[in-house]
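A.B. asks: Here's the letter readout for the chains.
Number of protein chains: 2
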Amino acid sequence: MRISRKADYALRAMSYMANQPDGKRSSISEIAENEAIPRDFLAKILKELTGKGLLKSYQGVTGGYQLAKRKSEITFLQIIEAMNDKIKVSLYVDKKGAPLQLFWSELQDTLIKTFQGVTLDNSRYVLRK
Amino acid sequence: MRISRKADYALRAMSYMANQPDGKRSSISEIAENEAIPRDFLAKILKELTGKGLLKSYQGVTGGYQLAKRKSEITFLQIIEAMNDKIKVSLYVDKKGAPLQLFWSELQDTLIKTFQGVTLDNSRYVLRK
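Protein chains in written order, with the numbering used here: chain A, 6 to 134; chain B, 6 to 134.
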């Protein structure tokens, strides 16, 4: 049971940007290097996060990426869903009356609430001292 | 984020057996049919659950599978781990000091405790009326 690699990297890249000074733009290379994410995969991820309205991208010499909203307005769930990583814990989670369905749906609710409850301004999980 | 298909089916097959009368043996076909699990995949899963000491298998006309222990002694975690589905929520969960590591390790602990806390005699999730 694991988050997709793509969502894992997206959360990491977004948390990197949450730790930059306001208004600073980060290049793909900078993020890839600091977070040890394969560069081409990261480029694709940042493009998709931009398409989903979570990042802004700037062209040119002073270009790069920065968060499109305030840190407090971006939840982990938004980032995960932007990567099309469905939180669907079991084949049976949506099958009303299926054995174990109740177990899975409760677990899924817990996960969704957990991911919804953490934003990029979380000082316990995201912001580094 | 999803449990592996194999662990999903294993939990379902084990919960089917937990709902049978004591001492009753269930055939592969019976479980496959009742739980809508592909027969060949199920055969492989039951064999592995037997190898891991969670099921007993009996040969012959009256043969079949039954739980190797009391329902209260078999947790969801044991079944999932028997299917080699590691509960490893993120690439970074074990990387001390990595960004987000604390978030992932807390989430992982929650999941493990959840799976550990449910056994096959759970009347809310497993046993059918």
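Hints were generated in silico from the structure; no laboratory data involved. Heads up, a few of these hints could be off.
Stated by the list, open to error - Cross-link-like lysine to any residue pairs, in silico, SDA-like; alpha carbons within 25 Å at most:
#, chain 1, residue 1, chain 2, residue 2
1, A, Lys93, B, Lys29
2, B, Lys101, A, Lys93
3, B, Lys100, B, Glu40
4, A, Lys118, B, Gln121
5, A, Lys100, B, Lys100
6, A, Lys93, B, Gly56
7, A, Lys76, A, Thr55
8, A, Lys93, B, Lys61
9, A, Lys76, A, Gly28
10, A, Lys11, B, Gly58
11, A, Lys101, B, Lys101
12, B, Lys100, A, Ala48
13, B, Lys101, A, Gly102
14, B, Lys100, A, Thr55
15, A, Lys118, B, Ala41
16, B, Lys134, A, Arg30
17, B, Lys101, A, Ala23
18, A, Lys91, B, Asp114
19, A, Lys134, B, Gln106
20, B, Lys11, A, Lys76
21, B, Lys11, B, Leu107
22, A, Lys91, B, Ala41
23, A, Lys101, B, Arg7
24, A, Lys118, B, Ser110
Said to hold, decoys possible - Just some of the chain B residues that point at chain A, by a computed CB distance under 10 Å:
#, residue
25, Met6
26, Ser9
27, Ala12
28, Ser31
29, Ile33
30, Ser34
31, Leu105
32, Phe120
We put the beta carbon where it would ideally sit given N, CA and C, even for glycine.
A.B. asks: Which earlier hints can't be squared with this structure?
C.D. replies: 1, 2, 3, 5, 6, 8, 10, 11, 13, 14, 15, 16, 20, 21, 28, 29, 30
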